[in-house]
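Undergrad: For reference, the chains in residue letters:
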Amino acid sequence: MNDSNKRASLSSPDPTPSTQPRRSPGLGEVVVTAVELRKSFGDTQALAGASLAARSGEIHAIVGENGSGKSTLIKILAGIYGPDSGHTEVLGRSSAGMSPADILDLGLATVFQEVLVAEGASVADNIFAGYDGTFRRRVSRGEKLQRTGSLLSQLTGHDVDPTVPAGSLSLGDRQWVTIARAMARAPRVLILDESTSALDLSGTASLLRELERLKEEGVCVILVTHRIAELSVFADRATVLRDGATTTTLEKSQISEQSLLELMGGRAPAAKGHAASTRPVNPEPGEALVDASAIKLAADAEPIELTLRAGEIVGLAGLEGHGQGDLIEVLAGIRRPVAGEIRTRLPAAADGKSRRGGIAYVSGDRKRVGVFPEMSILENFGLPTYRAHTTAGMIRWRDVRGALERFREQLGLRMGKPRASIGSLSGGNQQKVLIARWLAAEPRVLLLDDPTRGVDAATKSDLHGRFRQFAREEGMGIILLSTEIEELLEVCDRILVMRKGSVAAELRGDAGEDKILASMFGVEGIDDVLAAEREATGSKETS
Amino acid sequence: MNAQQQADAPLLITTRALLARSPKLLPGLVLLIALMIIGAVTVDGFTNSANVKSMLLLASFLGIAAYGQTLCALVGGIDLSIPFLIGAANVLLVWFLGKGLSPGLAIAAVLALAALIGLLSATISKAVRVHSLIVTLGVGFVVIGVAQIVTTAGSEFAGNVYGTPPAWLTEMTSLRSTTLGIGVPPVVALWLVLSIAGITFLRMTTFGRGIYAMGGNPVAAERVGVSVNTTWLVVFMLSAVFAALTGVLLVGFSGGGVVSVGEPYLFTTIAAVVVGGSSLLGGQGGYGLTLLGVAVLTVLQTVLVGLGLSPPGQETVLGLMIIATVALYAREPHPRSRI
Amino acid sequence: MKPNLVRVRQTLLGYDYAFTAFGLLVVLLLVAALRGPKLFTSEGLTIAASVLAPLVLAAMAATPVAISGRGGVDLSVGPLMAFLNVAIVTWLINEGLTGVVPVVAFALAAGALFGLIQGLLVSLVRLQPVVVTLSGFLFLSGLANVIHTNGSEATFPNWLSSLSGTTAGIPTAAIVVAAICLAWVPVARSTYYRNLRLVGFDDRTAYASGVNVALIRAGAYVLGGLLGGVAALMLSSLLISASPNVGTNYTLIALTALVLGGTSLAGGSGGMVGSVLGAIDVYLIQYALATFQFGKSSEFVNQVANGGVLLIALLLGAVAVSLNARRRATA
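Chains as they are written, first to last, in my numbering: chain L, 99 to 641; chain G, 4 to 342; chain V, 134 to 464.
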């Protein structure tokens, strides 16, 4: 068979380092099982009954919205942490209590969402990380260099020097290093968590070709991705997660963008249409609050024009990394555009700091840029307002408490004592505290950067209502960046879809998902991927 | 007081509310009480007023020096230059006095120099992005060396400066002095005043809350208007000034300029912060906790001395105690949670 | 370029972290030759070697810990040397146990044991290395003084004091240090060391790839303790007495040498070559300063120099890092 030779060029003449006896599972046998996994981190329930059954010789997709638990599921399978309850089986063995090293020995290799590369170590050392034992070498240095070189040139299509520090590689190449690391193990199960995020279109096509090849050889490939269009072409089966639990597993024939989105979002198309029609009609927007002209996010991007008016909610959509995050940071004053300027009559600060009556920026990345984990709810809310509430240098806590009370009512914040730690609140309520923080500065413009990320459905809906209220009743101008199309359709008057660092399309708020998706992927995008797939299939047939 | 008033006035606080808000106080308090009982039982004269006075006196020096260390810990740093600044301030003050400066001017000069040194430490550690511990160690050595070179030039004595401190300074730190009729040396009262001011500063001012914000999440702190750079600078400047102040006060106590007077404070300020329960990782704790740590350390020292343990023996016990308390309060996250 | 030259160049570039220390060494040797040529006499070299040996070994002892990453810095290396020195004198020599085997075995075993304890506190209990080694510093400093008896001491065994002399015209201390360096070579080429560097660069990546991070990191502290034991032996040979208070000085010099030698305190990069060169640099700086007649102030000038060199080394390192980053960004 040609296939075993092909594998030999990637792996080694030397048997893989797995310590388990290698019985090759027959094609189609279930090799990875997860049953009713539950996992919480503090107050956050990441998994609430997630299950999975993946077979050898298939590409099994795992899909879900942000916060649906995909990465947690993967990390449990990889041995990074253990579940609170439920069990997992890999290649016929229970993997309870196993460390990442044990799991790798079993034959399951994972490429994590975070591009895990030790920047100071060489490319070869990165790829063969953990391959040797703690003291014993399994592969000679020369062989490592040689295999690194051939593996990377096969995957990337160009030469990479295995001795240079991995930090000197481009982000895309670094992603390839993490993929090569998993492949160097010649695993029987390969898990990829959003591993195409740093790859461009041709890189993605190349990776998908590799995965197809591995599938032919009986490897079970588990693919977590939000690129739904690709999935519907490549995936043999798809498991859909929502709110930490498995909703269903679809067979190939059932997989379509439509069905996946429905299952992820949880609403039937009819209901969605209904929701769209009950949206309040967009009144005539008011004065221009912020005027962004000729903004270029990158040297080779098209310039962006954007005017935000009072009373309107403008949505920003796009696939990850296509510039919407950068654009909102430019508007917030945190990031400098390559070219262009922002004109506003509001007292905006040039550094993301809010001024009264100005522009407020609320991020959804609470943990990193929002919350002070050790401080109380009151302080997390009130920090920016202290200066306005001091007498002779001392903070008037009563006034701050009063302000918090007003927002508690206004936002429907569910909390105990104001002096309780912020950690005692659910994710949704923490986000409300942060929104309150910025509202306290009475902004005219609200820049919301994925503000409902990881927030439960009820709170999300509640917040949507309030956003509309701020715009309609208080005349604020709001920009809402969201990775959930449904949210954008629910809230926005118009939606700007970003592609490759500029605005690809401007759609009305009730445009419908298909149009938005099409703009996000760009019609050419899907076609390119399909063409690449056809190529690969074609070349297989002729060989 | 009803709950509303309690919440609004963090200073006027009942013990129960204090414990409810800072559960970390409990182990420290338990430790303190346990040590006091051991002391009362095993050490002669532990509970009589002379000993209490002496403990308060020692505690006030450590307490004042530890305020700066507390600030550094709150922003995630460590200041190892404190003992060197204490020693340098000690000899420089006597030297300035010997050169004819008035006491007020001499003290002001010493404190101003200290502020500049704190500024230097802060700037270098920010620029270099190495733990402030290493930077302040280097700065400390430079400072003590320069101070001794300056004071040695032209004198027959190397390092120490002999001179007479002003009488009021000696009286401040003398066990025989009283403050407003109460039988404690004035330096204790000074410590009390500084403590109240220091705690108020940390709890009730915008800048003080900004220190906690910066220690907890520097990125978010910038977003809410805290200037991380300014805060870092001010923290290290204050730390240096409080260390110098301790050195100045010790002049009255030791009767001359002795450069080694800072040595006992090499790690005790860190120990006081750690044992008190503030986290060295930043964002958590406060001077109230440090006061508890100071009390524990002072009582511990007295008990150990009473039991016949020499200063080195005390050092050994101190090392063990730091490990034990940090193991309770400040464990780092496992690599798995950082993926 | 000829293939051999290419290989040599490649190997040398692997040590680029030590270039500053090496450059400084050349300069300092010139200064020493001009200001204090007595250094280069047989007697001068022997004395220099005996003084240098504990310094170099202290710097070497602090290196694996720094490479292990996550803020690894060994503040306890000086007091460990002081403690072992006092322990050897008080517990072994004064009790008549003067043979090579018991003394060396004790130094190495005790050093390794202490290193293991610190290593476990860092890797299993997950305490900050700064705090652990700081406590270690206090603990050992105190303990060294506690066990130190100021009574008359028995005579030092010859084999130990002769380590500060010469063997066949070559300073014995230099031979010992060279031997340790040679012994280090297989360690540096080992799989363990490669794993240690990986852990130091990014322990998350190492963990996710199945590397036993805790074991490897703790091992770095054990290695540090072992080398600290050797350093203690050379210190004893130099001092021919028990000196419980020299610890602070050695810690500072070790850290300065480490930083000067280009080992990053962030972990992963750097190595022994830099630390050895850095230690020699620090010694030569002190030697050069001693040739100026500072009189009473000479000790203080040394202090300033020590602190100043540390700060300058840190600043130079930061400059190098940012230059490197800029170079990479534009590449």
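Hints are computed from structural coordinates only; laboratory data are not their basis.
Treat the hints with care, as some may be off.
Simulated DEER-style distance windows between Cβ atoms [stated by the list, open to error]:
| no. | chain 1 | residue 1 | chain 2 | residue 2 | range |
| --- | --- | --- | --- | --- | --- |
| 1 | L | 236 | V | 257 | 19 to 29 Å |
| 2 | L | 559 | G | 126 | 45 to 55 Å |
| 3 | V | 148 | G | 40 | 34 to 44 Å |
| 4 | G | 48 | V | 280 | 24 to 34 Å |
| 5 | L | 519 | G | 40 | 53 to 63 Å |
| 6 | V | 257 | G | 311 | 31 to 41 Å |
Negatives, chain V to chain L, calculated, CB over 10 Å [as the list claims (entries may be wrong)]:
| no. | residue |
| --- | --- |
| 7 | 135 |
| 8 | 228 |
| 9 | 231 |
| 10 | 233 |
| 11 | 257 |
| 12 | 259 |
| 13 | 308 |
| 14 | 314 |
| 15 | 321 |
| 16 | 343 |
Cross-link-like lysine-lysine pairs, in silico, BS3-like; alpha carbons within 30 Å at most [to be verified]:
| no. | chain 1 | residue 1 | chain 2 | residue 2 |
| --- | --- | --- | --- | --- |
| 17 | L | 394 | L | 613 |
| 18 | L | 313 | L | 350 |
| 19 | G | 102 | L | 465 |
| 20 | G | 102 | V | 171 |
Backbone N, C-alpha and C define an ideal beta-carbon position, used for all residues, glycine too.
Undergrad: It remains to establish, for every hint, whether it holds in the given structure.
TA: Quick rundown of the hints versus the structure:
1. Restraint check, residue 236/L to residue 257/V: a C-beta distance of roughly 26 Å satisfies the suggested window 19 to 29 Å.
2. Between residue 559/L and residue 126/G the Cβ separation comes to about 50 Å, which falls inside the hinted range of 45 to 55 Å.
3. For the pair residue 148/V and residue 40/G, the supplied restraint of 34 to 44 Å is violated, since their beta-carbon distance comes to about 60 Å.
4. Range check, residue 48/G to residue 280/V: Cβ separation about 30 Å, and the 24 to 34 Å hint holds.
5. The hint said 53 to 63 Å for the Cβ distance between residue 519/L and residue 40/G, and at roughly 33 Å that hint is violated.
6. A hinted range of 31 to 41 Å for the beta carbons of residue 257/V and residue 311/G is consistent with their spacing of about 35 Å.
7. Here residue 135/V stays apart from chain L, with its beta-carbon at least about 19 Å from theirs, past the 10 Å limit.
8. Under the 10 Å C-beta cut-off, the non-interface status given to residue 228/V relative to chain L holds; the minimum distance is some 37 Å.
9. Annotated as non-interface, residue 231/V keeps its C-beta farther than 10 Å from every C-beta of chain L; the closest such distance is 36 Å.
10. At roughly 29 Å, the least C-beta separation between residue 233/V and chain L is larger than 10 Å, which holds for a residue marked as non-interface.
11. Non-interface status of residue 257/V relative to chain L is upheld: no Cβ of that chain comes within 10 Å, the nearest being about 14 Å off.
12. Chain L leaves residue 259/V outside its interface by the beta-carbon criterion, the shortest separation being 16 Å against a cut-off of 10 Å.
13. With 10 Å as the threshold on Cβ separation, the claim that residue 308/V sits away from chain L holds: the shortest Cβ distance comes to roughly 29 Å.
14. No beta-carbon of chain L comes within 10 Å of the beta-carbon of residue 314/V; the shortest separation is about 22 Å.
15. Its beta-carbon lying about 13 Å from the closest one in chain L, residue 321/V satisfies the requirement of being farther than 10 Å from that chain.
16. Its closest Cβ contact with chain L, about 4 Å, brings residue 343/V to no more than 10 Å, contrary to its assignment away from the interface.
17. Taking the CA atoms of residue 394/L and residue 613/L, the gap is about 25 Å. The hint holds against a cut of 30 Å.
18. Of the pairs offered as hints, the one joining residue 313/L and residue 350/L holds, with about 15 Å between alpha carbons and a cut-off of 30 Å not exceeded.
19. Of the supplied pair hints, the one linking residue 102/G and residue 465/L is violated, its CA atoms being roughly 56 Å apart against a limit of 30 Å.
20. Distance restraint check for residue 102/G and residue 171/V: the Cα-Cα separation of roughly 41 Å exceeds the 30 Å cut-off, and the hinted pair is therefore not satisfied.
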